[in-house]
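From first to last, the protein sequence lines are chains V and A.
Just so you know, the working numbering puts 338 at position 338 of the first sequence, and the rest follows in order with no gaps.
In the working numbering, each residue carries its 1-based index in the second sequence increased by 1000.
It is possible that part of the hints are untrue.
[Unchecked claim] Here are the simulated DSSO-like pairs of lysine-lysine, each with C-alpha atoms no more than 30 Å apart in a straight line:
| id | chain 1 | residue 1 | chain 2 | residue 2 |
| --- | --- | --- | --- | --- |
| 1 | V | Lys580 | A | Lys1006 |
| 2 | V | Lys676 | V | Lys572 |
| 3 | V | Lys580 | A | Lys1237 |
| 4 | A | Lys1018 | V | Lys580 |
| 5 | V | Lys40 | V | Lys660 |
Hints were generated in silico from the structure; no laboratory data involved.
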Amino acid sequence: MTDMPDTTLTSDRSHDEPSPGQYDDAAGYYTLGEPIADTKAPAGDIADRWQTRKFEARLVNPANRRKLSIIIVGTGLAGGAAAATLGEAGYNVKSFCYQDSPRRAHSIAAQGGINAAKNYKEDGDSTHRLFYDTVKGGDYRSRESNVYRLAEVSTNIIDQCVAQGVPFAREYGGLLDNRSFGGVQVSRTFYARGQTGQQLLIGAYQAMERQVKLGTVTEYTRHEMLEVIVADGQARGIIARDMVTGEIETHLADVVVLASGGYGNVFYLSTNAMGSNVTAAWRAHRKGAYMANPCYTQIHPTCIPVSGDHQSKLTLMSESLRNDGRIWVPKKAEDCGKDPRDIPEEDRDYYLERIYPSFGNLVPRDIASRQAKNMCDEGRGVGPMVGDFRRGVYLDFKDAIARLGKDAIEEKYDNLLDMYERITGENPYEVPMRIYPAVHYVMGGLWVDYDLQSTIKGLFVTGEANFSDHGANRLGASALMQGLADGYFVLPHTIRDYLADGPFPEIGEDHPAVVEARADVEGRIEKFLSINGNRSVDSFHRELGHIMWEYCGMERTAEGLRKAIDMIRELKREFWSDLKVLGTADSLNQSLEKAGRVADFIELGELMCIDALNRRESCGGHFRGESQTEDGEALRHDDEFAYVAAWEWGGQDGTPILHKEELVYTAIEMKQRSYK
Amino acid sequence: MNLTLKIWRQTDAVDKGKIHTYAISGISQDMSFLEMLDVLNEQLNEQGEEPVAFDSDCREGICGMCSLMINGEPHGPEVTTTCQLHMRSFNDGDTITIEPWRSGAFPVVKDLVVDRSAFDRIIQSGGYISANTGSAPEANSVPVPRDNAVRAFNVATCIGCGACVAACPNGSASLFLGAKITHLGELPQGQPERWSRVVDMTAQHDHEGFGGCTNIGECAAACPKEIPLDVISQLNKDLRTAMRHGH
């Protein structure tokens, strides 16, 4: 095709083969910058790259380590594990979290498990297969060298956690048990009933607390990072607010690590914790760190449906439930209001088993989510009407209970089923559960190179806060794997190469970069408290969430995204002129804390929509209505979009600058996913 | 539902604090208790009164951040966390009294928010297995009998919320302490430090100002994770053994 770029292509052209450069849906919303490359990944055979990098990364003499200081923001798996490990190595670590204890970080809520290529089941698993599954699951939008490394260190994680006393599930012989998890055909998932994240986090927390006692780690709880200090081209510290006294503190160091988690709360309703936020990452973005693939959002298929406007968060039910539960909706729309127990087998549509016979209920999360949405859009959703729609599908344990017995199901899923009953008031052993998708995880995040260093020198980013390992979609049980891989086994090696040049020249609190960062933080706080408008922070957050869910959720279109961008810009104007925050700056003030977070979510939301608008293809969790196959499956455009979209902050009144990092696969062949 | 809320308000750690009474209406049975407080706070914000400060984070019963004495019971009338308590446990017209955790070792920060850093310091004193990153043997090289693994897991589910302390007439954290002693003591990996751990952690517990166990059992009854009382027996047993061995 020789047409000029058309920014308003409609869906009737979606099956045409695009020619390179054909699509520029986001024209006018961004500026094209120079392409970027990951310069740290060694060349050579993929299986040798990490070993090569570890060897080439310079060492720091043990005697010099205590002279080097590291700030780590966040105490989840990525941050807690890094603090413990770097403390053990002898560095001088300062750890920050906004919660009252490092043990509260939201990694704790992960339920299902953690993958590792141990091949204990002798079912054909290997490092290469875990690598392959993860790249495929990410829909060929992740960087292969990073993913291989992740698979490679996965086995060390299990060893480490067992040594710490993490009580994984075991078989009667005393050896570790495994189960299979969404999107794969081997059993490689280690678990601790439905509380795997809790147990892994407590392991990392305890290891970190041990270092606190030994004096290598200093912990700052109820502290929120509000700015990064970039002095003479290097990240050298942070400005943090003591959330109890309101004091604005300057913390300086040789290197800064952000392990501050994901930004799913941009949707207001998500499975994230109430306090999960983008501020640390966004402040870094505004100081020069690129934000990569911000639109890649994972919408988890098995959450408890919304019950009304009061809803403050959504609760995930581990997708391990899909191992034994069967998902269905009534075949006939008129059955949707009936008691599900009165609907006979022949009137039920087990739609995942029907459409995807080889993976059935275990298809990847994005597929399970979108199909649930499709069923409800067709008018076959179940549960109470919310607005004009029933937004739910059944997850039924009846067959599993008949096959395995109630006791076996109880042992596997007891806490999850209890939680469901607690929230809905319905007993899932008797009535099929109702589930609906919810925002759960973001694959996007700050751009990092192979060393996990951002585009700001000396600013490293780990865990969900970076973009590196999951491409456009994350497989189940691999978030915990990535967090711990980064924290225990990757960052400690790569950061030493950077620190080998330290200690860096001391900078004082009078350094212009410090003074400026402090002034920015203080100015913003003063502004929030002085607007004196009429609307609460939560009302803005809720409105932003509605816009994002509607137009940048499970299905996105150019028209919807453009509309969303306009709405977000209007919301931003209103926020800065009509916000009402009571109380003072010098005390515990939860509205003030939220104001800062929501201000940053609004700016992020706009960038997410621009990124989604630019990426006129469907891949992983990003489904563009204009890019689908004839039977409604996601259609990638590898010739145009096989790149990481890394966005540079374009200034308060400018447009973001897009830098493309081309994705090159040498160890794996790119294919259209098929789970049929 | 229409409710009367009697809520402890205290501006900071030094303020004396007192109960304020608020009327709230239009509460749905499907709301969680904290969502009900969100509604109250929106209402207060609108009226120009500073919202009530309270802790919560995951709101799915696992992070341990939420607290609240509700009608004199930690986490309220059900065996769960405050964030998982729903308004269907209350009736239209109820008066609900909401206070912060009550314990000298958990000083009030503001309103319903307390300082539980004493728990972190108890863990720092020995609540871990010393295993530096990279030094671990192959995971299956040490089998763990299933019964031990199950007991370790059951008590490792403690979320560190502090309800046990708030419930105890003597302000003891023995259930929290016993849970960690039992978790790590059940596992082969936990044996090398078993005796020093119990001595050091108990000393830190006492140093923080928590009281001793007086066999009341309120802690286990209030525990949202149903940590059983026998972890305190285990704690005492381990402590006695350690002392006898001269630790």
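Hints, one by one, checked against the model:
no.: 1; hint: V:Lys580 / A:Lys1006; in the structure: holds, 25 Å
no.: 2; hint: V:Lys676 / V:Lys572; in the structure: violated, 44 Å
no.: 3; hint: V:Lys580 / A:Lys1237; in the structure: violated, 56 Å
no.: 4; hint: A:Lys1018 / V:Lys580; in the structure: holds, 26 Å
no.: 5; hint: V:Lys40 / V:Lys660; in the structure: holds, 17 Å
Hint compliance for this structure: hints 2 and 3 are not met, and every other hint is.
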